[in-house]
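2 protein chains.
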Amino acid sequence: MTTDFTWTRAQFQLPEGIVYLDGNSLGPLPKATPERVARVMQPEWQNLLIGGWTKAGWHMMPETQGDRIAAMIGAEPGHVVVGDTLSIKVYQALAAALALRPERRVILSDTGNFPSDLYMAEGLAETLGNGTRLVTVAPEDVAAHLTEEVAVLMLTEVDYRTGRRHDMAALTRKAHEVGALTLWDLAHSFGALPVDLAAAGVDFAAGCTYKYINAGPGAPAFIYVAPRHAGAAGTALQGWQGHEAPFAFDLGYRPASRVARMRVGTPPVLQLAALEAALDIWEQVDIADVRARSIALSERFIAGVEARCPQLRLASPRAPEHRGSQVSFHFSEGYAAMQALIARGVIGDFRAPDIMRFGICPLYVGEPEIDRAIDTIADVMAGCLWDRPEYKVKAMVT
Amino acid sequence: MTTDFTWTRAQFQLPEGIVYLDGNSLGPLPKATPERVARVMQPEWQNLLIGGWTKAGWHMMPETQGDRIAAMIGAEPGHVVVGDTLSIKVYQALAAALALRPERRVILSDTGNFPSDLYMAEGLAETLGNGTRLVTVAPEDVAAHLTEEVAVLMLTEVDYRTGRRHDMAALTRKAHEVGALTLWDLAHSFGALPVDLAAAGVDFAAGCTYKYINAGPGAPAFIYVAPRHAGAAGTALQGWQGHEAPFAFDLGYRPASRVARMRVGTPPVLQLAALEAALDIWEQVDIADVRARSIALSERFIAGVEARCPQLRLASPRAPEHRGSQVSFHFSEGYAAMQALIARGVIGDFRAPDIMRFGICPLYVGEPEIDRAIDTIADVMAGCLWDRPEYKVKAMVT
Numbered sequence: 000m001t002t003d004f005t006w007t008r009a010q011f012q013l014p015e016g017i018v019y020l021d022g023n024s025l026g027p028l029p030k031a032t033p034e035r036v037a038r039v040m041q042p043e044w045q046n047l048l049i050g051g052w053t054k055a056g057w058h059m060m061p062e063t064q065g066d067r068i069a070a071m072i073g074a075e076p077g078h079v080v081v082g083d084t085l086s087i088k089v090y091q092a093l094a095a096a097l098a099l100r101p102e103r104r105v106i107l108s109d110t111g112n113f114p115s116d117l118y119m120a121e122g123l124a125e126t127l128g129n130g131t132r133l134v135t136v137a138p139e140d141v142a143a144h145l146t147e148e149v150a151v152l153m154l155t156e157v158d159y160r161t162g163r164r165h166d167m168a169a170l171t172r173k174a175h176e177v178g179a180l181t182l183w184d185l186a187h188s189f190g191a192l193p194v195d196l197a198a199a200g201v202d203f204a205a206g207c208t209y210k211y212i213n214a215g216p217g218a219p220a221f222i223y224v225a226p227r228h229a230g231a232a233g234t235a236l237q238g239w240q241g242h243e244a245p246f247a248f249d250l251g252y253r254p255a256s257r258v259a260r261m262r263v264g265t266p267p268v269l270q271l272a273a274l275e276a277a278l279d280i281w282e283q284v285d286i287a288d289v290r291a292r293s294i295a296l297s298e299r300f301i302a303g304v305e306a307r308c309p310q311l312r313l314a315s316p317r318a319p320e321h322r323g324s325q326v327s328f329h330f331s332e333g334y335a336a337m338q339a340l341i342a343r344g345v346i347g348d349f350r351a352p353d354i355m356r357f358g359i360c361p362l363y364v365g366e367p368e369i370d371r372a373i374d375t376i377a378d379v380m381a382g383c384l385w386d387r388p389e390y391k392v393k394a395m396v397t
Numbered sequence: 000m001t002t003d004f005t006w007t008r009a010q011f012q013l014p015e016g017i018v019y020l021d022g023n024s025l026g027p028l029p030k031a032t033p034e035r036v037a038r039v040m041q042p043e044w045q046n047l048l049i050g051g052w053t054k055a056g057w058h059m060m061p062e063t064q065g066d067r068i069a070a071m072i073g074a075e076p077g078h079v080v081v082g083d084t085l086s087i088k089v090y091q092a093l094a095a096a097l098a099l100r101p102e103r104r105v106i107l108s109d110t111g112n113f114p115s116d117l118y119m120a121e122g123l124a125e126t127l128g129n130g131t132r133l134v135t136v137a138p139e140d141v142a143a144h145l146t147e148e149v150a151v152l153m154l155t156e157v158d159y160r161t162g163r164r165h166d167m168a169a170l171t172r173k174a175h176e177v178g179a180l181t182l183w184d185l186a187h188s189f190g191a192l193p194v195d196l197a198a199a200g201v202d203f204a205a206g207c208t209y210k211y212i213n214a215g216p217g218a219p220a221f222i223y224v225a226p227r228h229a230g231a232a233g234t235a236l237q238g239w240q241g242h243e244a245p246f247a248f249d250l251g252y253r254p255a256s257r258v259a260r261m262r263v264g265t266p267p268v269l270q271l272a273a274l275e276a277a278l279d280i281w282e283q284v285d286i287a288d289v290r291a292r293s294i295a296l297s298e299r300f301i302a303g304v305e306a307r308c309p310q311l312r313l314a315s316p317r318a319p320e321h322r323g324s325q326v327s328f329h330f331s332e333g334y335a336a337m338q339a340l341i342a343r344g345v346i347g348d349f350r351a352p353d354i355m356r357f358g359i360c361p362l363y364v365g366e367p368e369i370d371r372a373i374d375t376i377a378d379v380m381a382g383c384l385w386d387r388p389e390y391k392v393k394a395m396v397t
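Protein chains in written order, with numbering that gives the first Met the number 0: chain P, 0 to 397; chain A, 0 to 397.
With the rest of the complex left out, here is chain P (with noise of 0.2 Å):
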């Protein structure tokens, strides 16, 4: 498959004016998923009532979704299942990979690590209460760190700041070596690069559908249990989704043997069809065009912003094989910057402590794109134009 990127840019409804760097955070709503929505509500919720969980696939819809991603991240078919948050997959993977090394009392992550990952992590450990401990290292000392004390090795492969990348597959194999299991984070990498996760022979994955998916503000999250643990990991958040025979109502918990173990409570369905709708452009991309044109566009905009603006120091790596799919800059005023290039149209975002951040979509962004953004990062640069007031009350930023 070659991918067409004027057709799958014209499956999304972009505002006139914007350049829009920011589907890294929240990716722009695709044409189709208002109609999609709409369905479930009408026909399907009006007139089915109670009867949609089965007429209309309600209740399989993070099953067969689940399938249609396995697809896309190198999963085993029936190994990966939708729903809840990124936070609660996290968390269940977690406490999954924990109890199948019982002798170990160790998480490894790192700094580059979403600080939810970690927050969850310290939860878990204590509920847990039997000493186990999240350690945080640097990202380059992960590797150094991996001792035979490591019960799971948790990390994003793609730094939200930075877009620093880990090599899944060697600290995968290097965690294995230790007798370690791996838990990867992909909320930027679905999407944004290539993943192959038997290939990587990775333990447990869970990622997000709201950034570079594309399928709305607060979608599902979903999670990949492998083929070797699917009969053995506890799903630790028991819900009757995830049993056997969910409307037996029995009394007692007994896990389904397929990766539905890790479904909780009632799916929800109309954030659900928003990702079908968004899932069904990733049938026509093919994720390695995705990669070579992100990586163009990329260095593009890297050399553009590093001739015109001397004031900004590159954050990402520079080798693009290094990278997600963001580029990110420091500056000391970024956050201000990053206002003044929002009020003219260029939205990135801010990341603390001085990260302005650039996420490249090549589904809906190209290279006019990315030579206006250059453009106005120079004209805001070299005009001081984040020197400005109303730049710099601080908002909550997402």
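Keep in mind that the hints were calculated from the coordinates and are not lab data.
Hints should not be assumed to be uniformly reliable.
It does not matter which identical chain is used: a pair holds within one copy or between any two.
Unchecked claim - Below are the DSBU-like pairs computed for lysine-lysine, each with C-alpha atoms no more than 30 Å apart in a straight line:
hint	residue 1	residue 2
1	LYS391	LYS30
2	LYS393	LYS173
3	LYS54	LYS391
4	LYS30	LYS173
5	LYS393	LYS54
6	LYS54	LYS30
Since the model is a prediction, treat every value here as computed from it, not as a measurement.
Fit chain A to the supplied structure of chain P, relying on the hints for placement.
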């Protein structure tokens, strides 16, 4: 306020020719919901993109809607937050309650609780690994099992099968007498009958919004933490959205001072919009009126069915004050009989082993629907229509 049930009825998009007595499982579509949900997508998501989180108020929806729910269940303002699923919220509340009684090891519940609550408790007890155990007794034996070993009394106020109602205030008082805390599941209470958490002295509560509240398939849940526990309650699932400063991206977790600490991950904005539209109807409703009308309709239903269908045996308590807002009957061929009813446009549901369940939702069910349901049940029973083979094929029922 006197509730205008002609007006409430007009707020729903009910299919023609259907008597819907399954709103205790999934409420019907409010007419305003499709437009409200569509608005999240267009113009909000389309035009605001990432800015929707602040400019459209998405980020605060779990709290603003939590406040609306608080006002409906006698909770103090600022002590309810919306999100995730009921199972997840039960887990968080139970973990918080157990941590407040560290010297005790028993979670007391009953066989009338919804199985998922029991499963979640088992999972939590296993994760704690400190000897915490779930003790499940018959509903009528709960009070007798309240000893000083009990850390938490975890009950669903209204039994999902029979509609049998616990005395929340009395059991909470008894629990407190032995030093135990209480966690009440309001799944079949919220929107069905008056709930006054503060007056009853409840410690923790959780509920869902897709049943009597009509917020749609997979609508989010909510959690209540009594003010006296708010500052001490651990959250177990320590997601970034529950952090005191989620957008500071600190490496360490600090729970929000407010009930917002019970938030976990990114909130499901499409589902929250549907909840918002559903709650709008409740602003015009006095739950005392709903209760009075639910009792009148239920009494009419029971009398009619019992007079004409000697095969059916009432499974719900006979005294209205001991029931929620549903009426259930035992019948050995209940599954097939319910299929026969559904085929004739009277929609209730079946719960194993032999319960035919009918939800009485006065917002859109009145005397004509009750009478037609009685007639149809009488026809099915008199003609032994449940004996036809096409009704005996078991499908998944929700």
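Checked hints:
1. For the homomeric pair LYS391 and LYS30, neither the shortest alpha-carbon distance inside one copy (35 Å) nor that between copies (43 Å) is at most 30 Å.
2. For the homomeric pair LYS393 and LYS173, neither the shortest alpha-carbon distance inside one copy (43 Å) nor that between copies (50 Å) is at most 30 Å.
3. Proximity of LYS54 and LYS391 under a CA criterion of 30 Å is satisfied inter-copy only: 18 Å between copies versus 53 Å inside one chain copy.
4. Proximity of LYS30 and LYS173 under a CA criterion of 30 Å is satisfied in neither setting, with 44 Å inside one chain copy and 57 Å between copies.
5. In this homomeric assembly, LYS393 and LYS54 come within 30 Å of each other (Cα to Cα) only across copies, at 14 Å, whereas the closest approach inside a single copy is 49 Å.
6. For the identical chains of this complex, LYS54 and LYS30 are neighbours both inside a copy (26 Å) and across copies (22 Å), given an alpha-carbon limit of 30 Å.
Consistency with the previously given hints fails for numbers 1, 2 and 4, ordered from lowest to highest.
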